[in-house]
Amino acid sequence: MKGTRVQAGTAVVLLAVLVLLAVAGIFLRGTATTVDVANALVPPGPGHWFGTDAQGRDVFARVAVGTSIALASGLGAVAVGGGLGLVIALVCGLGPRWLDAVLVRLLDAVMAFPALLLALAVTMAFGTGLLTALVGVVVTVVPVFARTLRAEARRATSEPFVQAARTIGLSTPHLAVRHVVPYLGTTFSVQTAANVGNVILVLSGLSFIGVGAQPPTPEWGAMITEGLQNALTGQWWIGVFPGLALLVTVVAVNLLADSIPAVRAARLARRRTSRPRREATAPAPVEA
Amino acid sequence: MSTSVSAPSDRSARSDRSALSAEGLRVAYGDVEVVRGVDLVVRPGEKVGVVGESGCGKSTVALALMGLLASGGAVTGGVVSVAGGRVDYRDEKALDRMRGSQLSLVFQDPLTSLDPVKTIGSQIAEALRRHNPRMSRAAVRARCAELLTAVGVPEPERRLRQYPHEFSGGMRQRALIAIAVANDPAVLIADEPTTALDVTTQAQVVELLDSLVDRLGVAVVLVTHDIGLVSEFCDRVMVMYAGRVVEEVPSAALFDGAAHPYTRALLGSLPVPGRPRSDDLTWIPGAPPPLAALPAGCSFAPRCTWAQPECSAGQPPRVVVPSPGTTTGEVHVAECRRALEVVASSRSDESTEGEPRG
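Residue numbers (my numbering), protein chains in the order written: chain R, 1 to 288; chain H, 1001 to 1358.
Chain R with its partners taken away, still in its complex shape:
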């Protein structure tokens, strides 16, 4: 229990730092792409905390902007992919059996490809760029959500309270939204946290090999590639700082994903033992 609290606390602190960095990034967009050849390859110091790159751009500003790009695209891709996955899971779980069978086979086929490879294929087919890379990543996220949530949705339909909800005349869509979706809550949040880290990693990977975000964009993967050119001559800071940011993000998100079920269980246990919060406002007549 204590370990969980430390873990959750660490995750929250790291994520808070990252969010601050991302917010700073929104205001540093101009700075991040300002070329200043006179101050190229300055090592980290008071003027430029993370130093400057070969074109004299401030690495801290670039990492900050990279953070906002990474968090926004990671959350965005998972929200869209997870949402689609949830819809497919509900159709599979509550719809006709034949449709379930067809959809599951399709999902299996998509899942058979490694995420990076599949995303790569999509960018190859529709052109390189951050947006197509995002589309590719969404395609890999959908089946992950759909498969796990489908199993849960199927289980939900055999829960007595879902059966009981039918006896009051709820239609299937009502049932899905009001009783099955809340049932999937924990699984969905764990999947979201687990996938955000992975999605950010895959997106950076795509940019790293040159099919994602393209060079002037301060995306971490693209920055690491640029940094590689200077690493051999001793300017390590250009590639290391975006790499560290990527590492910290993925670790923080995964720590969070790990602690969600424990935190939820603890909260439920607390609520179970707590006294009722408020007394009734008006004493109601009690019938014998």
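It is worth saying that the hints were derived from the structure and are not from the lab.
Check the hints yourself; a few may be wrong.
Now the stretches of chain R that chain H is said to cover, found in silico as 3 or more residues with beta-carbon under 8 Å [stated by the list, open to error]:
| hint | region |
| --- | --- |
| 1 | 147 to 161 |
| 2 | 169 to 183 |
Facing chain R, from chain H, some residues (calculated, C-beta under 10 Å) [as the list claims (entries may be wrong)]:
| hint | residue |
| --- | --- |
| 3 | GLU1092 |
| 4 | PRO1164 |
| 5 | LEU1176 |
Glycine residues also receive a C-beta, built at the ideal position from the N, C-alpha and C atoms.
Model the placement of chain H on the given structure of chain R, informed by the hints.
Same frame as chain R, but now just chain H:
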């Protein structure tokens, strides 16, 4: 009321007055027929018990009437009317409208029949809003509190904000009953509503059902294997065996006048407080037959102490049993060729229990 259920003129007359009427209801899972022509007529405000061993089709009848059979199951025959309107089991939308507003069902297990992540109030409100979309928030709130009060939950305002895990088993069953009667249904089917509860709570729940019948005029179909409970609570008892109603008897006549050997055997296996220890309880040898391979003739014949060779030859006749304790209009029918002999024997040896060997 006539005992012949097949006359067409009689049929229409019946369904006009009944809250629920099922005529010749048949249910099959694949090729196996699990309910084989059940007639069930419930008048408004009437309390009808359905009893039998496990696997006799009691719960299947309840689920079939609601249109909630598990996948693979289907109503294959019969006419069902609820509150005067004929039910079409292929029309899912109409079924949704019927469920919870005209016909309600309370399940056996109150501990798992409520959504654990929603408050009791929101679950009662859900039932109200489903059938009254225009009801205002204030009206819904007021009605929820009123319903909880009606089912005997004190401090309804506070209770409405609580989650199911904050309710005891008996309280949860009360909440479920509140949900079931929220829209003033014509009939409430209670499928073993007390089985999961302890004895004192059972009595309270039965008392509650009784008071709801009086106050709301709702008819109750009580599905249970507790023949003692049924005789206390119900006006009329349907005894089911192997997917058929083998005896329909007014509760007043149940103990002294049961005419089917199966009913007598069920009564014989019922422990009665105060009866001398030396009187052993009787049991029924064997188990109900597999529905996929029913014996020819009377399904109960292989286990029946009254059985004669001709019992296995053909379907037993429906015998109308004259019961002195019953008023006119009450039906007592047993599906047994020796029904009258069974009644006669039970009346002659009132005080001595046990099965006469015939």
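| field | Hint numbers not upheld by this structure, sorted from lowest to highest | value | Checked against the structure, no hint fails, so every one of them is satisfied.
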